[in-house]
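K.L.:
Protein chains in written order, with our numbering: chain A, 1 to 186; chain B, 187 to 335.
Hints were generated in silico from the structure; no laboratory data involved. These numbers come from a predicted model, not from an experiment. Yeah, the Cβ is synthetic: ideal placement off N, Cα and C, and Gly gets one too. Just to be clear, a hint being listed does not mean it is correct.
Said to hold, decoys possible - Ranges of calculated distance between the beta carbons of each label pair, as one might list FRET restraints:
id, chain 1, residue 1, chain 2, residue 2, range
1, B, Val309, A, Ser118, 24 to 30 Å
2, A, Ala160, B, Arg210, 24 to 30 Å
3, A, Gly37, B, Gly260, 48 to 54 Å
4, A, Ala183, B, Asn282, 38 to 44 Å
5, A, His181, B, Thr310, 45 to 51 Å
6, B, Gly230, A, Ser118, 44 to 50 Å
7, A, Glu80, B, Gly260, 45 to 51 Å
8, A, Gly28, B, Phe328, 52 to 58 Å
9, B, Asp278, A, Thr97, 26 to 32 Å
10, B, Glu209, A, His181, 33 to 39 Å
11, B, Glu332, A, Glu119, 39 to 45 Å
12, A, Glu119, B, Leu320, 34 to 40 Å
13, B, Asn282, A, Ala106, 36 to 42 Å
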Amino acid sequence: MIRPALLFLALSAPLAQAAGALPFDVGGPFRLTDQRGETRSEADPEGHAQLLFFGYANCRQICSAALPLMAEVVDELSAEGIAVTPVMITVDPARDTVDSIGAPLARIHPGFVGLTGSEAALQVAYDAFSVERAQIFDDPEYGPVFSHGSFIYLLDPDGAVLSLLPPVLAPEQAAEIVRSHLAPAG
Amino acid sequence: MRRTLTVLATLALATPLHAAEGERIRVTGELIDTWCYFSGVMGGTDAVVGTAHHTCALWCSAGGIPVGLRAEDGTVYMVLKIEGSAESAGGDTQLNLASHVIEADGIAYARDGLNYLVVEKVVTDQGITNENHLDYGNVPEFSVPEEAR
Chain A
1 MIRPALLFLA LSAPLAQAAG ALPFDVGGPF RLTDQRGETR SEADPEGHAQ
51 LLFFGYANCR QICSAALPLM AEVVDELSAE GIAVTPVMIT VDPARDTVDS
101 IGAPLARIHP GFVGLTGSEA ALQVAYDAFS VERAQIFDDP EYGPVFSHGS
151 FIYLLDPDGA VLSLLPPVLA PEQAAEIVRS HLAPAG
Chain B
187 MRRTLTVLAT LALATPLHAA EGERIRVTGE LIDTWCYFSG VMGGTDAVVG
237 TAHHTCALWC SAGGIPVGLR AEDGTVYMVL KIEGSAESAG GDTQLNLASH
287 VIEADGIAYA RDGLNYLVVE KVVTDQGITN ENHLDYGNVP EFSVPEEAR
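With the hints as constraints, model all of the structure from the sequences given.
P.N.:
Dropping the structure here:
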């Protein structure tokens, strides 16, 4: 069961050099709305790399692991001068509206961007990332519980997918992977 | 959220894959709960597999934790898809196969020091073969409601 923990996946081989393009097809364009009511595409308007996860602000399952992990990676890299924007695309647009999506994400990290939109606009993003979502049951206390995508994607400033991160990684390991794709060579 | 180090687990890359492109492999192993396996929060790696951890594995998969395939040589593959289901966790296929030992035919990818697997076909399904609840009981005990124990 999901519990907060620091995870170390000790690799028996050193971290590989950042690879080229992903060998499988994932990612693509989308146009959604952030918590300020501004339209946002897959590109970061400030030219930062991005960590993208599909979840929902009230999620108490995988999001409670993935979103804090993203925040820790962002902070670790920020201290090194590597700017990364954490982004969550909702799978629960009925509850994650423009007015409501921002506050819970801000509690995890002030730089979090929450994206919502119409079912049609969101479906474009789900299709691009092969995200299947389903409402699996109703929690009497917290409302609908969804199954949804469970990997974190690393995007470049233009929105191209550079790699993916399992949410079971330790923050240090996840940061190392991101750094390997973003840090200047040399 | 602050996290507490509980264990140093090993993601064994016994047979590292270097190809940028996928490599077709056929591999036999158990579909595991990667969160509990690597975190150590619920016990050692021998305890968070098999029958002892089956109920918790269902909870974790349903909660979105991507499943992994622990091969007989110890290599763990993060599963991206199983037989046409785009989900890496929580789908009917993933839940039905939790803790099962399967022979998988698919495409393996190496990325950032991790192994990933797209299972194109479950060739054989041996079911849950590791009856380690005889040694460990139910791990963790609270994964089964008290009234059902």
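K.L.:
State for each hint whether it applies.
P.N.:
Hint check:
1. B:Val309 <-> A:Ser118: 24 to 30 Å: violated, 42 Å
2. A:Ala160 <-> B:Arg210: 24 to 30 Å: holds, 26 Å
3. A:Gly37 <-> B:Gly260: 48 to 54 Å: About 50 Å separates the Cβ atoms of A:Gly37 and B:Gly260, which means 48 to 54 Å holds.
4. A:Ala183 <-> B:Asn282: 38 to 44 Å: holds, 42 Å
5. A:His181 <-> B:Thr310: 45 to 51 Å: Roughly 37 Å apart at Cβ, these two residues miss the hinted range, so it is violated.
6. B:Gly230 <-> A:Ser118: 44 to 50 Å: Hint holds: Cβ distance 48 Å, inside 44 to 50 Å.
7. A:Glu80 <-> B:Gly260: 45 to 51 Å: With a Cβ separation near 33 Å, A:Glu80 and B:Gly260 fall outside 45 to 51 Å, so the hint is violated.
8. A:Gly28 <-> B:Phe328: 52 to 58 Å: 41 Å Cβ-Cβ, so the 52 to 58 Å window is violated.
9. B:Asp278 <-> A:Thr97: 26 to 32 Å: holds, 30 Å
10. B:Glu209 <-> A:His181: 33 to 39 Å: Violated, at about 22 Å.
11. B:Glu332 <-> A:Glu119: 39 to 45 Å: Holds - the Cβ-Cβ distance for B:Glu332 and A:Glu119, about 40 Å, lies within 39 to 45 Å.
12. A:Glu119 <-> B:Leu320: 34 to 40 Å: Because 49 Å falls outside the window, the suggested range is violated.
13. B:Asn282 <-> A:Ala106: 36 to 42 Å: For A:Ala106 against B:Asn282, whose Cβ atoms are near 39 Å apart, the range 36 to 42 Å holds.
Of the numbered hints stated above, those contradicted by the structure are hints 1, 5, 7, 8, 10, 12, listed in ascending order.
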